[in-house]
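Chains B and C: place on chain A using the hints.
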Amino acid sequence: MSSALNPRVLLLAGLAAMGLGLTLYTVRKQATPPPSAPPTGEPTRSPFGNRVAGSGLVEPVTEIINVGTPIAGVVESVSVHEGDQVKQGQPLFVIDQRMMSSQLHGAQARLEVATRKLQQLKARPRKEDLATAEAIVEQRQAAVRDAQQRLDRLNQIADPTAISPNERPTREYELANAKARLKEAEADLAEVRIGTYPEDLAVAAADMQVAEAEVRSLQTDLERSVVRAPIDATILRVTARPGQFASASTGNDDGLVTLGQLTPLHIRVDVDELDAWRFDPKGRAVAVLRGGRRVEFPIEYVRTVPVVIPKRTLTGDNAERIDTRVLQLVYRFVDPDPGVLPGQVLDVYVETGANPDAPAGSASGSGRDAGAGAAAGSGTAAGAETGTTG
Amino acid sequence: MTGSAAIHASAIAKTYGTGDAAVQALRGVDLQANFGEMVALVGPSGCGKTTLISILAGLLSRDGGELRLAGTDPDALDNNARTLWRREHVGFIFQQFNLVPQISVLENVAIPLLLRGDHRGTSLERAAQLLERVGLKGREASQPHKLSGGQQQRVAIARSLVHGPSILVCDEPTSALDGATGQRVMELVREQGCRPDRLVVLVTHDERIFHFADRIVHMDDGRVTRVVDAKSEVAALRAAQAMENPR
Amino acid sequence: MLRIALQMLFGDRAKFYGILIGLTFATLLITQQSAIFVGLMTRTYALIEEIPQADLWVADPTLQFVDDTKPMAVTALDRVRSVQGVEWASPLFKSILVAKLPNGGRQLCDVIGVDDATLIGAPATVVEGKVEDLRKPDAIFVETRGARKQLAQPATDDPRGPKRPMAVGDVLELNEKRAVVVGIAETRPSFQNVPTIYTTYFRAIGFAPANRRTLSMILVKAAPGQDLETLRLRIERETGLSAYTPGEFSWKTLDYWMKQTGIPINFGIAILLGFLVGVAIAGQMFYNFTLDNLKYFGAMKAMGATSGQLLGMVALQGMAAGALGLGLGLGATALFGLSVPPDRLAFKLIWQLPLISAGAVTVIVVGASSLSMLKVIRLDPKEVFSG
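From first to last, the protein sequence lines are chains A, B and C.
Each residue of the first sequence is one higher than the one before, counting from 776 in my numbering.
Each residue of the second sequence is one higher than the one before, counting from 2 in my numbering.
Each residue of the third sequence is one higher than the one before, counting from 1006 in my numbering.
Source of the hints: derived by calculation from the structure; they are not laboratory data.
The beta-carbon is built from N, C-alpha and C at its ideal position, and this holds for glycine as well.
Worth double-checking, as some hints may not be accurate.
As the list claims (entries may be wrong) - Distance ranges between label pairs, derived from CB positions:
| # | chain 1 | residue 1 | chain 2 | residue 2 | range |
| --- | --- | --- | --- | --- | --- |
| 1 | C | S1312 | B | D74 | 18 to 26 Å |
| 2 | C | D1073 | A | V1083 | 29 to 37 Å |
| 3 | C | P1269 | A | L1116 | 54 to 62 Å |
| 4 | C | R1111 | A | V836 | 50 to 58 Å |
| 5 | A | R999 | C | V1173 | 51 to 59 Å |
| 6 | B | G118 | C | L1233 | 51 to 59 Å |
| 7 | C | S1312 | B | A22 | 24 to 32 Å |
| 8 | C | R1183 | A | P1085 | 29 to 37 Å |
| 9 | C | G1273 | A | I1084 | 52 to 60 Å |
| 10 | A | I1084 | C | A1160 | 52 to 60 Å |
| 11 | A | P1085 | C | L1238 | 26 to 34 Å |
| 12 | A | G858 | C | V1176 | 30 to 38 Å |
| 13 | C | E1181 | A | I1084 | 29 to 37 Å |
| 14 | A | M874 | C | L1113 | 54 to 62 Å |
So here's chain A without its partners, still in its complex pose:
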């Protein structure tokens, strides 16, 4: 008999309850977060609590050697392939030699000429010339003696009248003339006897040296047109192609042949200059492969590049943009064949001392060093296991 809950009110109450229910439903529905995408690869993680992280570029122990050509020219032949092992001095490629060869022929001919000329000068005086000059001297001596005798005979005649007044001067003149001609012949003989003057000889010798030098230079060029491996190494890249013009200009990053020694591999780690103070060379270090599998490689400290340099982005289009300054550290892969290749970028974590929270408290205390050293020993063993899985 109660009219308090009449159908009208019940309907309203029902609608209101439905409204509340709908509200709750909407709230719950809108509050449910959509699923999040699972990462397609595991991000790299540091095995160390206190560490410095950096990105490392794998490089050969020799760093990457870009072999260029000392002389410009068209590449004639390439004798190595990427991945080849080469010995020091092994030819890599040859620059076109035809021009140099023809120039060498000319130079050699010029050397021949100079040599002959010198020989010719050195061969003087000739016997025939000497004999002729001596004969002339003897002939002139005989002429002098003849003129002397004829003058003496005139002087022996006592009767001045028996002699014409012109007879005596004539006889005296003939003698003087004969003596002068003898002197001339003697001078000629002396000249013949000397043969070539030393000055002339020196000039000819120098001419020959010049020609010789030219030949040697061209020979060297010819030798240099065959580019050889500077060290025992692995060929990493070959960009030289037969027929391609190879410039000898400096400044091209890409050599015609890129090579380097692959064992052991090094990794060059960029650490932000602001974090550099925390770096501890004695700390354990690992390089971690990016993406996908989590593979850690134990690495050993080799050296620090003692100058802070502008960071270069290693990938992407803006490779040359200077971003910030970094300290470069060089590490060596403990594993002789870690399965990474030069040019690959890995994340590197280096363990540091226990207190990174105090910015002023940089490396100090011997205990810290001892601890880090001991840790490094165990770290390499543990790291080697993970390394072999990759």
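Relative to chain A, chains B and C alone:
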């Protein structure tokens, strides 16, 4: 309580407002009334009878004098206790019935019981009995405004009696009704309301119902002017009417 | 008596419906406007919610909000990786770039570059293609809304003809560089309503005009068991960058938009209007309802109703009307929210909003009831008498 005084009042005074604006509504009212009787309170408007029944019903505090209502001084109780006392001992019949329009007749009758926290079922049962006694059996579920004025006032009578009050206050119960209906309503009040353990206080100007009362208390200007036996009063009135309007 | 109170309320149909409509309308207005506001505001940090893998977001200290790009040096990533307690750190590129569409049109796009190795930050809900396809050359992902709207292409040869959504295989140009759509993803709508393009970090750098600094943000995962707040402070101290939890970053973003735009004021006015409607209609009617019933309350008071009982009745009436109005209003709001597609309108009903509306309705009802109650309390019981 039978036989003892239902109302014992002496020198009751009441003033509204203060200072110059003060109005003395009651200037020392003495009144005695016993259980079992019906007392009519009459007088012109502003004579103080509303103030007096408010005090006698425990609705209003007095400013002076002595008062015992069924042995209790309502002013000795705090506000809440007085409300609870009123709930138990006083029944009301109003001029305008004051039935709640949105609820059924039966629930209206049960209000005094529900107010004191009685169980709803028993309260409604009791209310139904009362409705039967006022002759409205079968109309329990009706809305009050669907009933005639007389029926509505009968509902109000049932409501005023449902909790068995010691004092029944009837404020102009017939003013909103025509004469015949008023007579029947007053007959019902007399028949159902008057009991040996109950005092009925009737406030009215309706001379036609004076004869239902046992005594008539005349008031004027805040004082009781005279108290007369109802029978003689009624006789006198009839005589006066006869002289004014000879038929 | 409480039952009678309810009957009194429901019995007075005209006033009851008036009150109900007033409260329902007020609730609807308040809740719906605030839900749109919240929806709009939460879109400002959609990207943060889109990448839940990150425990912390590291960015330049001058960054004001998530769409603000203040790129950092690339070594910042290694510096963050150097911090103890960092499980991993992943780079994120974000920039607005102009895309040249296949039909020759140009469109601003929000380009997100995710870590090449792990693709952390790539969209979660892929509709077409595979996330791994991002590793293909020139690959990009577009999101569904952008594909349907700004990036839509003519379906026929007629350039003004009907359009089809951008699909896998379409080729765009980003900054004169080729980009091939390899997948479509569903993402949260963003505030700026610019199509989002996903690609890998280094490819994104390639798309972007030459900039010295390219690293927009770093996503950080804390090592297991690492306290986030400690890590956050450590990263900030050691790198000089700012680190935020997703919540903090969202708030920072939200705060920026709240302070920099008139949006809060606009919505505040709308919400206030709703509240005033509630007060004007429902509150007023409720008060009138009590006034109408005052004489009955008076009669009850005379008959021995305590003030407590009467107040209880009024309070129950208020509560009943409030609860019904609130329920109907919230229901209407929820229906509205569910029926409007999210790319048309930002609408987000968070659990606080129904409570706020309930609070507003309570204020309206309590306010009106209090006035009514005051009237009931002050009621002089002797006024029930006709004299």
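Hint check results:
Evaluation of the 18 to 26 Å hint for S1312 (chain C) and D74 (chain B) yields a pass: the beta carbon distance comes to about 22 Å. The supplied range of 29 to 37 Å is met by D1073 (chain C) and V1083 (chain A), whose beta-carbon atoms lie about 31 Å from each other. Distance hint check: the CB atoms of P1269 (chain C) and L1116 (chain A) are about 57 Å apart, consistent with the given range 54 to 62 Å. The hint said 50 to 58 Å for the Cβ distance between R1111 (chain C) and V836 (chain A), and at roughly 51 Å that hint holds.
The given range of 51 to 59 Å is respected by R999 (chain A) and V1173 (chain C), whose C-beta atoms sit roughly 56 Å from each other. Distance hint check: the CB atoms of G118 (chain B) and L1233 (chain C) are about 57 Å apart, consistent with the given range 51 to 59 Å. As the Cβ distance of S1312 (chain C) to A22 (chain B) is approximately 28 Å, the hint placing it in 24 to 32 Å holds. Restraint check, R1183 (chain C) to P1085 (chain A): a C-beta distance of roughly 30 Å satisfies the suggested window 29 to 37 Å.
Judged by the Cβ atoms, the range 52 to 60 Å given for G1273 (chain C) and I1084 (chain A) holds: they are separated by roughly 56 Å. As the Cβ distance of I1084 (chain A) to A1160 (chain C) is approximately 55 Å, the hint placing it in 52 to 60 Å holds. Under the hint 26 to 34 Å, the C-beta atoms of P1085 (chain A) and L1238 (chain C), about 31 Å apart, fit the expected range. At about 36 Å, the beta-carbon gap between G858 (chain A) and V1176 (chain C) stays in the expected band of 30 to 38 Å.
For the pair E1181 (chain C) and I1084 (chain A), the beta carbons lie near 32 Å from each other, so the given range of 29 to 37 Å is met. Judged by the Cβ atoms, the range 54 to 62 Å given for M874 (chain A) and L1113 (chain C) holds: they are separated by roughly 59 Å.
Taken one by one, the earlier hints all hold for this structure without exception.
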